[in-house]
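Fit chain B to the known structure of chain A by using the hints.
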Amino acid sequence: MDKNKMDNGYMTGSLPANAPLAAAYVPMQRSAAPAYEANEALSRGTLFPGLDLPFMNIVNNDLKCTPMTEMMAIDFVADELELYLDTHQSDAEAFGMYQTFLALKKEARERYVKMCGPVDQTDLLGMSSYSWLNNPWPWDYQPQMEV
Amino acid sequence: MFVYEKKLQYPVKIKNTNPALAKFIISQYGGPDGELGASLRYLSQRYSMPYPELKGLLTDIGTEELGHLEMIGAIVHQLTRDLSLAEIKKAGFDTYFVDHTAGVYPTAASGFPWSAASMEVKGDVIADLNEDLGAEQKARVTYDNILRLCDDPDVNNVIRYLREREVVHFQRFGEGLRLAMEKMNQKNLYAVNPSFDK
Numbered sequence: 000m001d002k003n004k005m006d007n008g009y010m011t012g013s014l015p016a017n018a019p020l021a022a023a024y025v026p027m028q029r030s031a032a033p034a035y036e037a038n039e040a041l042s043r044g045t046l047f048p049g050l051d052l053p054f055m056n057i058v059n060n061d062l063k064c065t066p067m068t069e070m071m072a073i074d075f076v077a078d079e080l081e082l083y084l085d086t087h088q089s090d091a092e093a094f095g096m097y098q099t100f101l102a103l104k105k106e107a108r109e110r111y112v113k114m115c116g117p118v119d120q121t122d123l124l125g126m127s128s129y130s131w132l133n134n135p136w137p138w139d140y141q142p143q144m145e146v
Numbered sequence: 000m001f002v003y004e005k006k007l008q009y010p011v012k013i014k015n016t017n018p019a020l021a022k023f024i025i026s027q028y029g030g031p032d033g034e035l036g037a038s039l040r041y042l043s044q045r046y047s048m049p050y051p052e053l054k055g056l057l058t059d060i061g062t063e064e065l066g067h068l069e070m071i072g073a074i075v076h077q078l079t080r081d082l083s084l085a086e087i088k089k090a091g092f093d094t095y096f097v098d099h100t101a102g103v104y105p106t107a108a109s110g111f112p113w114s115a116a117s118m119e120v121k122g123d124v125i126a127d128l129n130e131d132l133g134a135e136q137k138a139r140v141t142y143d144n145i146l147r148l149c150d151d152p153d154v155n156n157v158i159r160y161l162r163e164r165e166v167v168h169f170q171r172f173g174e175g176l177r178l179a180m181e182k183m184n185q186k187n188l189y190a191v192n193p194s195f196d197k
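Line by line, the protein sequences are chains A and B. If you count the first sequence from 1, position 145 lands on 144 in numbering that gives the first Met the number 0, and the numbers rise without skipping. If you count the second sequence from 1, position 137 lands on 136 in numbering that gives the first Met the number 0, and the numbers rise without skipping.
One chain only, chain A, in its complex shape (with noise of 0.2 Å):
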């Protein structure tokens, strides 16, 4: 996406008509769309392109893709519309946009804990050990332990 587009003015957001002094106005966004997809919200941050505005323009490449990070992708867009949500509960689009990724985000959650184990302890029903323990705990990495 070009983002010195600003056509459809997803980088401006509005301001009331008559705004009383002596307040601070942030300008509301107008809209949850356009937005970008999972993986790509992930490693830049952020679902909003209006919202990228990155430090020296540098932006991070695509993150490599595992089962970890496909998870990640599908809860970061579901964190990220649910602060949205928060500041614009009557967003009928935006709350539909959330409901597919609460979806998606079962079904990764499902795909992630059969191949890699638990994300929560609910996630141990009907496990045949108390896998909760092993590792890597998520702040461990050795670099030859990638998988």
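Derived by calculation from the structure, the hints in this document are not laboratory data. Note that the structure is predicted; figures quoted are calculated from it, not measured. No false leads were mixed into what you were given.
Calculated lysine-lysine pairs in the DSS-like style (CA-CA distance at most 25 Å, straight line): (1) 6(B) x 113(A); (2) 63(A) x 105(A); (3) 104(A) x 12(B).
Chain B in isolation, oriented as in the chain A frame:
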């Protein structure tokens, strides 16, 4: 209540140890504009928020900040794994090491331990949300400065991600402030404190 998910919000995979970088990145763990202060600020301010949008927003952003605290902890942990004493001395990491070995302790890069004096809970909607807008900007600048100082791409990818989250949070707090002010006395926003005066 909180339930732990055994995953980070964004992957942290640092190939090369480098205690010299850990020395200043630790500031986003326990420094004045770091993630510990951010999460405690928002999760504490939410109790006196009078409107549901703000209770939700502070809960969700405060929770996300706990995830960012975990990511900064992971960066520091990975930058300091398997260190030799020679590496520790050469990087000047000895002043941290003597007190904390290779543990992750909430301190500013200056050595000043995390302090609640770096955050505020004022119990007033406008004051607290204005503080939150400022806090996001200060955290964004700290990440800018880390990007200036750090030359490891494995670290900088994570820092760029965390920095962008500050920009998004700033936008949401600004919108939250708008929603709050629309519910308040339009002739005089400062007539009462809706968190306290009924």
